[in-house]
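We have chain W already, so just place chain F on it with the hints.
Number of protein chains: 2
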Amino acid sequence: MIPEITDIRKAAARIERYIHHTPVLTSRTIDLIAGAGIYFKCENFQKVGAFKFRGACNAVFNFDDDILSNGVATHSSGNHAAALALAARVKGVDAFIVMPENAPEIKKKAVAGYGAKITFCKPTLEARESMLAGVVEETSAAVVHPYNNFDVICGQGTCALEILEEIDKPDIVMAPVGGGGLISGTAITVKSLSPATKVYGAEPAGADDAYRSFKSGKLIPSVDPVTIADGLLTSLGDLNFGIITKYVDDIFTVSEEKIVEAMRMVWERMKIIIEPSSAVPMAAVLENPEVFKDKNHSRFSSSICN
Amino acid sequence: MIPEITDIRKAAARIERYIHHTPVLTSRTIDLIAGAGIYFKCENFQKVGAFKFRGACNAVFNFDDDILSNGVATHSSGNHAAALALAARVKGVDAFIVMPENAPEIKKKAVAGYGAKITFCKPTLEARESMLAGVVEETSAAVVHPYNNFDVICGQGTCALEILEEIDKPDIVMAPVGGGGLISGTAITVKSLSPATKVYGAEPAGADDAYRSFKSGKLIPSVDPVTIADGLLTSLGDLNFGIITKYVDDIFTVSEEKIVEAMRMVWERMKIIIEPSSAVPMAAVLENPEVFKDKNHSRFSSSICN
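As they're listed, the protein sequences go chains W and F.
In this text, residue positions in the first sequence follow my numbering: the first is 369, and each later residue adds one.
In this text, residue positions in the second sequence follow my numbering: the first is 369, and each later residue adds one.
Chain W with its partners taken away, still in its complex shape (with noise of 0.2 angstroms):
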């Protein structure tokens, strides 16, 4: 079953209180580089730094209590696990987070700072379902996938609502795809109030198995994807797929020059600090100007994903 606006309006309501409304910025001198106006909606000021919190947050918040009472569970090496469990906090339930022991420290001890349970395992993607399988097992905790989730998709749908309060009508919005959470929420949230915008994914040619799989009409897995947008790894969810096919304009990839390069320019111009995986769309900018460009209206929202 596919979201639809409600659904996304209904998680805006259920999270309002505990999200951020995080900030759009502009760059006069970005602008001028791209020949187009650019919003950049600046979910790195998000709690745990991503908008993965909006859609944890949902997920959680829309259990049952007597469900939630056994806690909730997934198994992320990065801001999702950071974010389910936060948000198990914030509604004073437990969480149980799998995380591979090669994960980076710095998430390790945000995600204990948060109050979770974590159990280690061997770096592979097999090891973490079989230890999630087991801990689900003990805790009969409900599990809280990352981006194949109906309430997660509707959660990470409701930046684009703000993006639309703030921005009437843009041309396009855009947002880079990894598993496909942020793009299939934002999808529908714009082509139900905003027919006429374009919607672009974009994604590293390293890692570009949403291109692939849109193009050819069939959902293909990432093999060995290799890129410095570490947070665009995962293959596409087979509910996102749905929803890209069906709402999707076009899905541009981008070499990994131009994502160092638009991380940094990001970091100089505008200041803010965010990862290779947030400035995949601004890569997409950069490396293809002829759509983007003398478009004297051309708008265009990053959804900064920490």
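Honestly, I wouldn't trust all of these hints.
The list makes no distinction among identical chains, and a pair is therefore deemed to hold if it is satisfied within one copy or across any two copies.
[To be verified] Okay, derived cross-link-like pairs now, DSS-like style, lysine-lysine, Cα gap no bigger than 27 angstroms in a straight line: (1) 477 - 661; (2) 614 - 378; (3) 475 - 378; (4) 490 - 537; (5) 477 - 566; (6) 378 - 476; (7) 476 - 586.
Bear in mind the hints are in silico, worked out from the structure with no lab data behind them.
Relative to chain W, chain F alone:
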């Protein structure tokens, strides 16, 4: 002559169309660490990346047209150079900037990018001043001192106007002290509009001329200052010293270690890029917990200067 709040209000009206009204950001994590409610005034998002543009803009726009027809001039290795260059460009007049030949490449590029005419000189104060004198003799340009200047102080004071619009009667407003332009403008604004608010300066212990001047009651210049906060190496101006003596409640000095700790904390927790000079007030909070902690509504605003 010391500026009054009416002068600062005039400056605000004069530069309003040309500056960014910068956001105030907060972080729950940093509030927890500090045990206080801390508001960060993000002048790193100001044009040219620093509050310096407020003062330069006010100075340039307050000149009579016949004076301005010869252009404006200054010597500076950093943000004031870029700020004056941009203000001159906005006004459509020439900017003549004397820069030490060892100024950072990125600053040289920024100043050149704003269309200023740059003259390079040896990196000594004597060389800078004599070169500037030569440039002024040749061009009859009007000199705009980076901080020891009535109009510049009024421009910097507009930042605190915005703080007080957003935060009602903060307990404390704190700013870093280099030449003293920001702290003196800030002190006039705050003490005029919210007399019960304490105004504190924060300075690196390795460049503590303002601290020593403030405590001894006489202007003591900086001798061989050493600090990572390279925006705060300059000695206090005499106009600035008079204002600080009259309006500032106290000045704190901080160690290099705390400056780095505070800067890293802001990068990691707030996801914004600030330079070491800008982290000095936060370092003062970390180093003097008893002053800021356990005050329920202790509020503090760091005017982040690029």
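Status of each hint after checking the structure:
{"no.": "1", "hint": "477 - 661", "result": "between (43 angstroms within a copy, 25 angstroms between copies)"}
{"no.": "2", "hint": "614 - 378", "result": "within (22 angstroms within a copy, 55 angstroms between copies)"}
{"no.": "3", "hint": "475 - 378", "result": "neither (30 angstroms within a copy, 49 angstroms between copies)"}
{"no.": "4", "hint": "490 - 537", "result": "neither (47 angstroms within a copy, 53 angstroms between copies)"}
{"no.": "5", "hint": "477 - 566", "result": "neither (39 angstroms within a copy, 36 angstroms between copies)"}
{"no.": "6", "hint": "378 - 476", "result": "neither (32 angstroms within a copy, 52 angstroms between copies)"}
{"no.": "7", "hint": "476 - 586", "result": "neither (35 angstroms within a copy, 52 angstroms between copies)"}
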